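Build the complex: two chains, separate frames, hints provided.
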Amino acid sequence: MNVLLLPLAAEPGNRTLTISLFTAVVAVTLYITWWASRQNKTAADYYAGGRSFSGGQNGLAVAGDYMSAASFLGISGQIALFGYDGFLYSIGFLVAWLVALLLVAELLRNSGRFTMADQLAFRMKQKPVRTAAATSTIVVSIFYLLAQMVGAGSLVGLLLGVKSEGVKAAVIVLVGALMIVYVTIGGMKGTTWVQIVKAVLLMAGTVVITFLVLLKFHFNISDLLGSAADKSGKGEAFLQPGLLYGKDLTGQIDFLSLGLALVLGTAGLPHILIRFYTVPDSRAARRSVQWAIGLIGVFYLMTLALGFGAAALLDTTKGSAVETSKGNVASPLLAEAVGGGAGSTGGAILLALIAAVAFATILAVVAGLTLTSASSFAHDLYANVIAKQKPTEQQELRVARFAAIGIGAVAIGLAIPAQKLNIAFLVALAFAVAASANLPALLFNLFWKRFNTSGAVWSIYGGLISAVVLVVFSPVVSGNGDKSMITDADFHWFPLSNPGIVSIPLGFLFGVLGTYLGRDRSSETRYSELSVRALTGAGAEGAAKH
Amino acid sequence: MDEEMVRERDARAYEAVHDAADFKELKRRYKNFVVPWTIAFMAWYLAYVACNNWARGFMNHQVVGHVNVALIFGLLQFVSTFSIAALYGRFANRKLDPLAHGLNAKYKRERRR
Chain A
1 MNVLLLPLAA
11 EPGNRTLTIS
21 LFTAVVAVTL
31 YITWWASRQN
41 KTAADYYAGG
51 RSFSGGQNGL
61 AVAGDYMSAA
71 SFLGISGQIA
81 LFGYDGFLYS
91 IGFLVAWLVA
101 LLLVAELLRN
111 SGRFTMADQL
121 AFRMKQKPVR
131 TAAATSTIVV
141 SIFYLLAQMV
151 GAGSLVGLLL
161 GVKSEGVKAA
171 VIVLVGALMI
181 VYVTIGGMKG
191 TTWVQIVKAV
201 LLMAGTVVIT
211 FLVLLKFHFN
221 ISDLLGSAAD
231 KSGKGEAFLQ
241 PGLLYGKDLT
251 GQIDFLSLGL
261 ALVLGTAGLP
271 HILIRFYTVP
281 DSRAARRSVQ
291 WAIGLIGVFY
301 LMTLALGFGA
311 AALLDTTKGS
321 AVETSKGNVA
331 SPLLAEAVGG
341 GAGSTGGAIL
351 LALIAAVAFA
361 TILAVVAGLT
371 LTSASSFAHD
381 LYANVIAKQK
391 PTEQQELRVA
401 RFAAIGIGAV
411 AIGLAIPAQK
421 LNIAFLVALA
431 FAVAASANLP
441 ALLFNLFWKR
451 FNTSGAVWSI
461 YGGLISAVVL
471 VVFSPVVSGN
481 GDKSMITDAD
491 FHWFPLSNPG
501 IVSIPLGFLF
511 GVLGTYLGRD
521 RSSETRYSEL
531 SVRALTGAGA
541 EGAAKH
Chain B
1 MDEEMVRERD
11 ARAYEAVHDA
21 ADFKELKRRY
31 KNFVVPWTIA
41 FMAWYLAYVA
51 CNNWARGFMN
61 HQVVGHVNVA
71 LIFGLLQFVS
81 TFSIAALYGR
91 FANRKLDPLA
101 HGLNAKYKRE
111 RRR
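Chains A and B, in that order, are what the protein sequence lines are. 1 is the number of the first residue of the first sequence in our numbering; add one for each residue after it. 1 is the number of the first residue of the second sequence in our numbering; add one for each residue after it.
The following block holds chain B by itself, in its conformation from the complex (with noise of 0.2 Å):
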């Protein structure tokens, strides 16, 4: 088989998976998890950025001895991204992962036709 041969029957296959049921719920799913959390991190991290300018009476406020709102607040951005990697790492685990896995094998078998 010469090379134009083989780049054909990959476009092929390749159309195949893209025309499946399963691949648009695949990406229905990425997304839908994706735009969301980024729009939310990128808020929360914004907001912190913003209060350190223009809020800083509520961010100097003290709450447990010399702890004050700004050093909490800043720790809870450390809370958020670990949670969110978690987070992103069990919904793709178990939401993305069997997908992709059937949609390559497809592609696998697409091939071979």
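Here chain A stands alone, though its shape is the one from the complex (with noise of 0.2 Å):
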């Protein structure tokens, strides 16, 4: 196996040069959260970074704090071996933000102050609808926690050359510590900069990467993508949908499924709801949305360079490392091939620096969620719920700190043993639980007046379970041989692998149900208040003066 990954940084001298760059985006991400904590003063500090930054600021972040490793690595390893349908997600995560940028994110904007809930308790019974906000924004945080650090571990130990379970746990520990430094003393503020500058880095090392192999192939996109469906061995098909997914009436049905949950997910992603809080008004959300979806869109098309340009570059046959890592090193692979190849100088930097982007875009990622996570179990289940009496902010900003060490130890306890899972699978289901859960009832407080707090409650915790409870019982869970993560027992009867298709309608169906069953109706009499000012932002939450 360690032939296979001898072309990475596993040679000494680039290995030296891989951790010195390492070593340098922990630095300046540390420097970046020692000078944030100087100016964190008040509750709106810490959780929003004292609403202070602009649209366009606001837009990297979001577009940093989206752009997982997994979509970096993902997608374009997926493009590499499985051609056009590796592109499908990306389509879905791009139109996703239409969703984001037309229904949620200005109105989010002028009506909530921290958290998710903010904006459904405004016209909610506080306890009731707040606790289930909570416990939906911390599940599909952890998951897609855990989908990062699992990757963090894998994609080290692979840039780095070692195979040992040891390092790699190392590595999830590392990770994990970092991620907690920059959340209890960074806060908003930081973790904002942090992944303005891995959108930065991110987008700069895809561009230098793009140009290479396109120069590669004369900037004509016809050579580049006749030369990759040759190399392959499939011909024409690799440019034609059907490699991947939709084999049978289930695969397509299943695809539809996918498709539902990606473009109804982002909007209901908690780590991206609390961005907007971090700018001074719903105009500046509005130019955020716009930012990220140019950058995400950019971002994106790129990827299709990448993919296409490691399928045409590199070797992708059965046994290759591409192949292996499951397409997870062809962006790094494809860096070293493009600056010269395995050996020469240009190649060994071009693959460090792709690696420590790597590395950057894990960092910014974790931060972002172990911080919403804090934040949601702080300001919604502590101030409001458990605590006996309202706490004074320094309180409540206590909890979260120690709120984000005890998220961060339980992510790394549960990303260890979970070494094993698929990462694609962790980011569906967060994707799928979002749209399931969150996205019903962040609409329906919105534009239905009737919507009461037992509709918030039924649509959340029903759209939840159902998500998580069908994926135990799919394919993905037993029943599928060794693509399973149970192989030694069958207990699936629901056929496909992504729930969005069922759960999500679901989610919706729960709040009608609930509001119709609660009958309760004192929620009507602010849904006029809550109109006003999310519509027209008057009394919202202004930027901090310091």
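Where hints are given, some of them may not hold.
To be verified - Just a sample of chain A residues kept apart from chain B, beta carbon distances all over 10 Å, derived: (1) G92; (2) V139; (3) S154; (4) L225; (5) A229; (6) G297; (7) E393; (8) R398; (9) F425; (10) H492; (11) S531; (12) A538; (13) A544.
To be verified - Across the chosen pairs, the derived CB separations fall in these ranges: (14) A:K420 - B:R29: 28 to 38 Å; (15) B:V6 - A:F447: 35 to 45 Å; (16) B:V67 - A:Q126: 48 to 58 Å; (17) A:K449 - B:W54: 33 to 43 Å; (18) A:F447 - B:R111: 37 to 47 Å; (19) A:K127 - B:A105: 52 to 62 Å.
It should be emphasised that the hints constitute simulated quantities derived from the structure, not laboratory data. For clarity, every value in this text was computed on a predicted model and none was experimentally measured. Positions of the beta carbon are idealized from the N, C-alpha and C atoms, including for glycine.
Following this line, the structure appears as structure tokens:
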């Protein structure tokens, strides 16, 4: 195995370069965190970065929060292995931003303060609604967090050419410790700047590699596609739908289900939602989504060049490094190839650079997720449910910091035994839960006057439980041979791997049922207040003045 | 002023804004933009997903060199997303923000009464 990984940064000289760049990333992010910590005074500073980021800055941070290692390494790798079908994830991920832009971002910015639950609690009974929203926030964030940390372990292991489980576990602990430091010390301001730096690094790195790939093909896209198709050994089928998804009717419905979860999940991801609180007003929230759409769109277009470039220029046959890593090392290896090939100085530098970018990507995303969970725990559960009397701001912030340490520790504890889990599955599950549990409640609350506390609680728990239960009894967990998590038992009865097509309508249905069965109409009285506030920004929290 | 009185004063101000003709107009403009466009981009996206599943002959058709309909359809999703985002931004800046600004000012005036 090690022979296959040798062209990576495993050679002693390259390993030094890679490790020094990793260290540089860590040093820069820690410096930012320390700098940001000196400006954290109030709750608005800690949870929302003082609401003082501009639309462009927050747009970069949103993009930095969203473009995870799974999309950087995963999507280009899937394209390298499966051609056109690998590209489909990115389209759902991008179109999803229109839901956020048109229906959620500005209205949420105007009507909430720090967490997703704030907006629901505006006209509902605090305790049940905040408990439900905090539960789904923490569940979604932990699934997503696990995906990133498991990815970090195998990625760093791969890039440094080490296979031992112990080293991977050590990497997971290190990533976990760093994210705890960013979040407890830097708060939202520190986390946002880490994400901005990461977004700039990721875009710059991807632009360079894309340019070098296109240069090799004299900027002729058709040539690039043709070479990729030839080299893949699959011919034109490599450029057509069907290599990965939709082989039979079940597969086709499964793909439709995945498509729905991707397009509806983004606007319900708590770590994305709380980013809209970091800007001074709804206009800036709008600008940040527009920036994010531009950046993320251009990035996904470049992953096409990376993926097809890797298919055309690298060995992707069975047993190759790209194939055995499920495509995850396609981008770093491509960087090496276009930099001059294995053994060349240019190749070594580009490889180390891209590896460091991937590492920065992981750090920024896990920090965002930890902050989201800790904020929701402290602001929703502790301050409004657990504490007997309203805690002071400083008490609440102390709890948020301890919660970040606790959630970080839980994530480390879960990620080490979860190293065998499929990363794409964890991300898809997070999107399905976000679309089924969070989006129905958010939309009903904003657009349906009659919606009430029991409707919100039913739709959140109903969507959350249906998504998770359907996955537990799906072929992902059992009954699909070696591809399942559990190989020696079969208890599956749900035929699809993606629950969205059933669980998303269920989330909406539970919202309607709960509303009518709950009968409570007290939430209607504050609906006109909520709609005035959401649409005009009257009475919304402004930027902190320092 | 104690908390109860502040709440009541705010509620009265919100009520006043809610009853204003400008607010009804703002709500109407927002819904008239957002509802049709949301239906449009969701239908357009689901059509793309469905074609990948059930219209492979159409998708596999080569247009220029190795570039086929499937790839162009996918790239058009990018174009439509960029365009709708730009269109909404322009619409909101011109048609929503001025009304929202005025209503915001009205809310502040009402609170001072």
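Hint check results:
no.	hint	result
1	G92	violated (8 Å)
2	V139	holds (26 Å)
3	S154	holds (29 Å)
4	L225	violated (4 Å)
5	A229	violated (6 Å)
6	G297	violated (5 Å)
7	E393	holds (17 Å)
8	R398	holds (25 Å)
9	F425	holds (20 Å)
10	H492	holds (22 Å)
11	S531	violated (7 Å)
12	A538	violated (4 Å)
13	A544	holds (19 Å)
14	A:K420 - B:R29: 28 to 38 Å	violated (53 Å)
15	B:V6 - A:F447: 35 to 45 Å	violated (28 Å)
16	B:V67 - A:Q126: 48 to 58 Å	holds (55 Å)
17	A:K449 - B:W54: 33 to 43 Å	holds (39 Å)
18	A:F447 - B:R111: 37 to 47 Å	violated (26 Å)
19	A:K127 - B:A105: 52 to 62 Å	violated (36 Å)
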